[in-house]
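With these hints in hand, go ahead and build the complete structure from the sequences.
Spelled out from the first residue to the last, the chains are:
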Amino acid sequence: MIAADFNYEAPTSLDEAFTLLRKYGDEAKILSGGHSLIPMMKLRFASPECIIDINNIPGLSDITREGDIMKIGALVREAQVEHAAELLEHFPIFADVTKLIADPQVRNMGTVGGNLAHGDAANDHPAVMMALRASVVIAGADGTRVVPIDEFFFGFYSTAIQPDEILTEIQIPMPSPYTGSAYHKLERKVGDYATAGVAVQLTIDANGICTYAGIGLTNVNPLPMRAARSEEALVGKKITDETIAEAARYASDDCNPSADLRGDVEYKRAMVGVLTKRMIHKAAQRAVA
Amino acid sequence: MAATTPAADTAQKQAITLKVNRKTYKLDVEPRETLLDVLRERLDLTGSKKGCDHGQCGACTVHVDGRTANACLLLAVMQQGREITTIEGIAPGGKTNGQERLHPLQAAFIKHDGLQCGYCTPGQIMSGVAVLRDGHADSPAEIREWMSGNICRCGAYAGIVAAIESVKKGDTIG
Ligand SMILES: Cc1cc2nc3c(=O)[nH]c(=O)nc-3n(C[C@H](O)[C@H](O)[C@H](O)COP(=O)(O)OP(=O)(O)OC[C@H]3O[C@@H](n4cnc5c(N)ncnc54)[C@H](O)[C@@H]3O)c2cc1C
Ligand code: FES
Ligand code: FES
Numbered sequence: 001m002i003a004a005d006f007n008y009e010a011p012t013s014l015d016e017a018f019t020l021l022r023k024y025g026d027e028a029k030i031l032s033g034g035h036s037l038i039p040m041m042k043l044r045f046a047s048p049e050c051i052i053d054i055n056n057i058p059g060l061s062d063i064t065r066e067g068d069i070m071k072i073g074a075l076v077r078e079a080q081v082e083h084a085a086e087l088l089e090h091f092p093i094f095a096d097v098t099k100l101i102a103d104p105q106v107r108n109m110g111t112v113g114g115n116l117a118h119g120d121a122a123n124d125h126p127a128v129m130m131a132l133r134a135s136v137v138i139a140g141a142d143g144t145r146v147v148p149i150d151e152f153f154f155g156f157y158s159t160a161i162q163p164d165e166i167l168t169e170i171q172i173p174m175p176s177p178y179t180g181s182a183y184h185k186l187e188r189k190v191g192d193y194a195t196a197g198v199a200v201q202l203t204i205d206a207n208g209i210c211t212y213a214g215i216g217l218t219n220v221n222p223l224p225m226r227a228a229r230s231e232e233a234l235v236g237k238k239i240t241d242e243t244i245a246e247a248a249r250y251a252s253d254d255c256n257p258s259a260d261l262r263g264d265v266e267y268k269r270a271m272v273g274v275l276t277k278r279m280i281h282k283a284a285q286r287a288v289a
Numbered sequence: 290m291a292a293t294t295p296a297a298d299t300a301q302k303q304a305i306t307l308k309v310n311r312k313t314y315k316l317d318v319e320p321r322e323t324l325l326d327v328l329r330e331r332l333d334l335t336g337s338k339k340g341c342d343h344g345q346c347g348a349c350t351v352h353v354d355g356r357t358a359n360a361c362l363l364l365a366v367m368q369q370g371r372e373i374t375t376i377e378g379i380a381p382g383g384k385t386n387g388q389e390r391l392h393p394l395q396a397a398f399i400k401h402d403g404l405q406c407g408y409c410t411p412g413q414i415m416s417g418v419a420v421l422r423d424g425h426a427d428s429p430a431e432i433r434e435w436m437s438g439n440i441c442r443c444g445a446y447a448g449i450v451a452a453i454e455s456v457k458k459g460d461t462i463g
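For the protein sequence lines, the chains are S and Y, in the order given. Going by my numbering, 58 is the number at position 58 of the first sequence; the sequence numbering is gapless. Going by my numbering, 387 is the number at position 98 of the second sequence; the sequence numbering is gapless.
Don't take every hint at face value.
Covered by chain Y, per the in silico footprint, the following chain S stretches (three or more residues, Cβ under 8 Å) [as the list claims (entries may be wrong)]: (1) 2-16; (2) 36-45; (3) 50-59; (4) 102-111.
Just so you know, the hints here were simulated from the structure itself, not pulled from any lab data. From the three backbone atoms N, C-alpha and C, an ideal C-beta is built for every residue, glycine too.
In structure tokens form, the structure reads like this:
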């Protein structure tokens, strides 16, 4: 199917983009990689009057560290993440997740910013950013605001980004020493969205006590979900088979999956439990390695 | 906010310049036209195939600035200034013994039965060329992983992996 007709604009600065967003209001859609937007337009789930291609705006494609913060530009492609040495060194979770997002062709185009801005709990970056307690920088004509990831997702395809705003950057706090992170998703085949996915980041101190836990869940809840009770079950305790089992049970109980071709509710809850256990183990191993 | 420019039937065609297989083409396109449709319908480059039109099968794989992409999810208006290569552009040109010379991977697909109906083949070869060039062909498992964006409905996977491996080992060059 062919998308409905639209006007195409390719601003070369953020200011120019803001002017266009003002002009078209919510009839405009921003295009980054286009790998979620264009399929939706072909299915006529979206028929924007104007596409604002932000790929020609400079300065949105870098991964840089500034002091305690790792910054990922909104237009950083998944394929770029695969080679970002400093990011991967501190956050091995990104090596896990990019490999699991779609396939090489999609990863050459799809952006991290678009993956979040799409506002879909089936995408993999939302849960990862929850585990890392990232923030999202949203810019508009009147300035920028930094929104914690927990306040970013509003509903199905709906986020904190207003029609006249652009997501420009993701900011991730640098981890303390002895931190590890891991992600895995169960998929029916390569390129499929998750049946269930679990992202974990843990910090473990010299006495073996967990001092930080971040756990995010993919595609088992209407919104990307923080497994808050699971995190609480770990922080302040030693990571043992018992604490891990408790955390896994909470994640499995607290999520709210829906039955679909990928499995029924009971199965998905069970898989959340299994993956939570495995990712806690993996993150803990990486934390002390 | 009310839109000032209703797009429904007035969206302007845009004059663009596309560089495909080292040739330059000037044409007017609607913004909604995908690169795949422009290649096939306007430039008569029908080697790139339309399998799903949704980025799921890889039959439309081309190279954009040397990297694989699904042409069905790219807007043609966005490709100005980029180097696009399709299956029609990878053979070295010329003839040997009256036969058109092929890219080594094309020859290897024939030798190793890397196809049955052939519909997925142009996309498979475009991905295979990138896999070889980017150094992702060190083992059958690695080849399978990096070829995972290309589906073969006929299940010629064993031959496809063998073809890529053979070019990696250098025994079908020429
Ligand atoms: C076959 C296939 C399989 C896939 N499998 C997976 C998978 O397993 N896991 C996964 O996570 N994803 C998957 N994806 C989605 C892919 O990762 C998308 O690229 C990603 O979801 C969106 O990124 P994009 O840059 O393409 O965004 P676009 O499609 O350009 O945009 C998506 C949405 O976000 C908005 N937007 C984009 N950028 C901005 C911005 N900077 N500011 C404000 N709004 C913005 C757009 O207006 C649009 O509404 C798959 C896609 C395909 C085609
Ligand atoms: S036709 Fe483009 S991926 Fe299937
Ligand atoms: S050869 Fe028929 S689809 Fe691959």
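Violations among the numbered hints, reported as their numbers in ascending order:
Of the numbered hints, all hold.
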